[in-house]
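Enquirer: The hints should help you fit chain B onto chain A, whose structure is shown.
Chains A and B, in that order, are what the protein sequence lines are. Numbering that gives the first Met the number 0 numbers the first residue of the first sequence as 0 and each following residue consecutively. Numbering that gives the first Met the number 0 numbers the first residue of the second sequence as 0 and each following residue consecutively.
Hints were generated in silico from the structure; no laboratory data involved. Possibly wrong hints are sitting among the right ones.
What the hints assert, rightly or not - In silico negatives: residues of chain B with every beta carbon more than 12 Å from chain A: (1) ARG201; (2) LYS307; (3) TRP492.
Unchecked claim - To give an idea of the interface, some chain B residues facing chain A are shown, with a C-beta separation under 10 Å as derived from the structure: (4) TYR199; (5) LEU245; (6) LYS292; (7) GLY295; (8) ASP297; (9) LEU325; (10) TYR333; (11) ALA349; (12) SER372.
None of the values given here were measured: they were computed from a predicted structure. Beta carbons: idealized from backbone N, C-alpha and C, even for Gly.
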Amino acid sequence: MTIDQATVRKIASLARIAISDAEAAAMEGELNGILGWVEQLGEVDVAGVEPMTAVIPNTLRLRDDVIDADPLTGGNRRDDVLANAPAAMHGFFGVPKVIE
Amino acid sequence: MTELTNLTVAQIRDGHRAGDFSAVEVAEAFSANVAGAKALNAFIVETPEHALAAAKTADADRAAGTLKPLSGVPIGMKDLFCTNGVQTTAASHMLEGFIPRYESTVSQKLWDAGAGMLGKLNLDQFAMGSSNETSYFGNVISPWKRKDGGNAALAPGGSSGGSSTAIAARLCPAATGTDTGGSIRQPAAFTGISGIKPTYGRCSRWGIVAFASSLDQAGPMARDVRDCAIMLENMAGFDPKDATSLDMAVPNWEAALSSDLKGKTVGIPKEYRLEGIDPDIDAMWDAGIAMLKDAGADVVEISLPHTKYALPAYYIIAPAEASSNLARYDGVRYGLRDLPDGAGLQDMYAATRADGFGAEVKRRIMIGTYVLSAGFYDAYYTQAQKVRTLIARDFEQAFASCDVILAPTAPSAAFGLGEKMADPLAMYLNDVFAVPASLAGLPAMSVPAALNREGLPLGLQIIGKAFDEQGVLNAGLAIEERAGFTARAEKWW
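The shape of chain A in the complex, shown without the other chains (with noise of 0.2 Å):
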């Protein structure tokens, strides 16, 4: 399977990456020399294995319902959270105009 430039825009564009019809073009050749490597894998037989969900057995834990029971994830730390935002306004994250 090979994918062409449009295919790589149409990828950039999911993944919210601006590109250059020169990037395109270059990555063009990068994806498919990527892409046809690993297709290797067809090769494989995995008829009757499972996908790998977790690689070391563990058991997803439930923790108490506490609020702030960890003061550092828990709430309240509106400063810390927008202390590196790169537009906060009024204690909010600010973003360029969504609606006309």
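Expert: Here is chain B on its own, set in the frame of chain A:
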């Protein structure tokens, strides 16, 4: 007195405890080496004040009789670990200027154990790379040079290339690394130091910038096996903030170190004998087999039949997880924002991510997006996860007849900077021996074993059963004692 920066972690700890020197002297000596090694570009941020403050505490604790396991030991912190109040970039433009308001679990554990931080170490951008050439902050240069009279700059390995270079050049006695598909072991091998990736889940991932969550695992890098054991004891442990953290006690790995391998069986995977491989690599491997026999171990040939499929499976699974993890960089909550004039939200995302990610990171996000997209998910991602099951099963079956596995860490010695950057596939192939253990979540370490004909270090890899870091460390120690690797890079920087 020996130069302080030539001491190992254990020697610093014990010498400080005995009153041979102060922790402040140690911190100042290493900080001076860091400041004098700009040419290596191992650090993105230097934090001598952090190391000095920890050292003063260590000296006070010594006077008060309240020493901690790593009191007086300054270390390097890979810039993938979030550090409270200190810039954390993952070597990306995207996170340039990002100053976390919290501390990663692993780094917090190290500070709680008394260690100090000399600085944040350079790496491949978002830990994606095998040569440290994808960092936004420039290449790390290995301290090693080929003995051919040339002056070619060599790769320190990746992604933990700042860590490997800093230790090999005596800028720090130990450092943290992370290993997703060889990122601790391969740089350790390239620079003649040791490093261990523990069982998946031993070290909390909380506060480590995520690459591929089912593979990412932190571990220590240091000059010898004992130091790796000491560091790992102070990095590992259950953390409720990481859903995949192992709820198991941390063993006293250092106390149980033993290079007596009587009664142990070492497996040699026949599929790792690659045709056309550098004869120096095979010679080192054979020498390693002899060393483990000498330590009392039995040696058997084993088979890991799906080995050749590990790398292609990895290059589906890791990019798939990366494309999902890196979706968080949206120019809204933290990191870079690129807002072209008149742009809407979608254009802002696309411009921010185009500007903030380097070429290799984009390549992997694109691959990951493609293999997870509708219509291709089963053919690529599900197939890769099934192959991953088979790779893990290969190891399970092999461990029925052996206790640890011995193999080379990498198929070559360090290559020159720029030699492989034009061909992503050639770069990926450098992790051929490292990736299978990552896919199976197993503990694995690299120890320096020999110099090749160019005078460059080569590493041997020991892979163990899940949770058997002790077996890995012990076999590593047996090699270390017999290899007698004392070579170091001549100072040119």
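Enquirer: Does each hint fit the structure? Answer for all of them.
Expert: Evaluated hints:
1. Not every beta carbon of chain A lies more than 12 Å from that of B/ARG201, the smallest distance being close to 9 Å; the non-interface claim is violated.
2. With a closest Cβ-Cβ approach of about 8 Å to chain A, B/LYS307 is found to fall inside the 12 Å limit, against its non-interface label.
3. No beta-carbon of chain A is positioned within 12 Å of the beta-carbon of B/TRP492; the least distance is around 34 Å.
4. With a least beta-carbon distance of about 5 Å to chain A, the hint placing B/TYR199 at the interface is held under the 10 Å criterion.
5. Interface restraint check: B/LEU245 against chain A, minimum CB-CB distance 7 Å, threshold 10 Å, status holds.
6. A cut of 10 Å between beta carbons decides the hint on B/LYS292: the least distance to chain A is about 31 Å, and the hint is violated.
7. Below 10 Å, beta-carbon pairs count as interface contacts, and B/GLY295 has none with chain A, the closest being about 30 Å; its hint is therefore violated.
8. For B/ASP297, the interface hint is violated, the least distance from its beta-carbon to any beta-carbon of chain A being 27 Å, above 10 Å.
9. Because the smallest distance between the Cβ of B/LEU325 and any Cβ of chain A comes to about 9 Å, under 10 Å, the interface hint for this residue holds.
10. At its closest, the beta carbon of B/TYR333 sits 4 Å from a beta carbon of chain A; the interface hint therefore holds under the 10 Å criterion.
11. The beta carbon of B/ALA349 is positioned within 10 Å of a beta carbon in chain A (closest approach about 4 Å), and the interface hint is therefore held.
12. Interface restraint check for B/SER372: the shortest CB-CB distance to chain A comes to about 7 Å, inside 10 Å, so the restraint holds.
The structure is inconsistent with the numbered hints 1, 2, 6, 7 and 8, although it conforms to all the rest.
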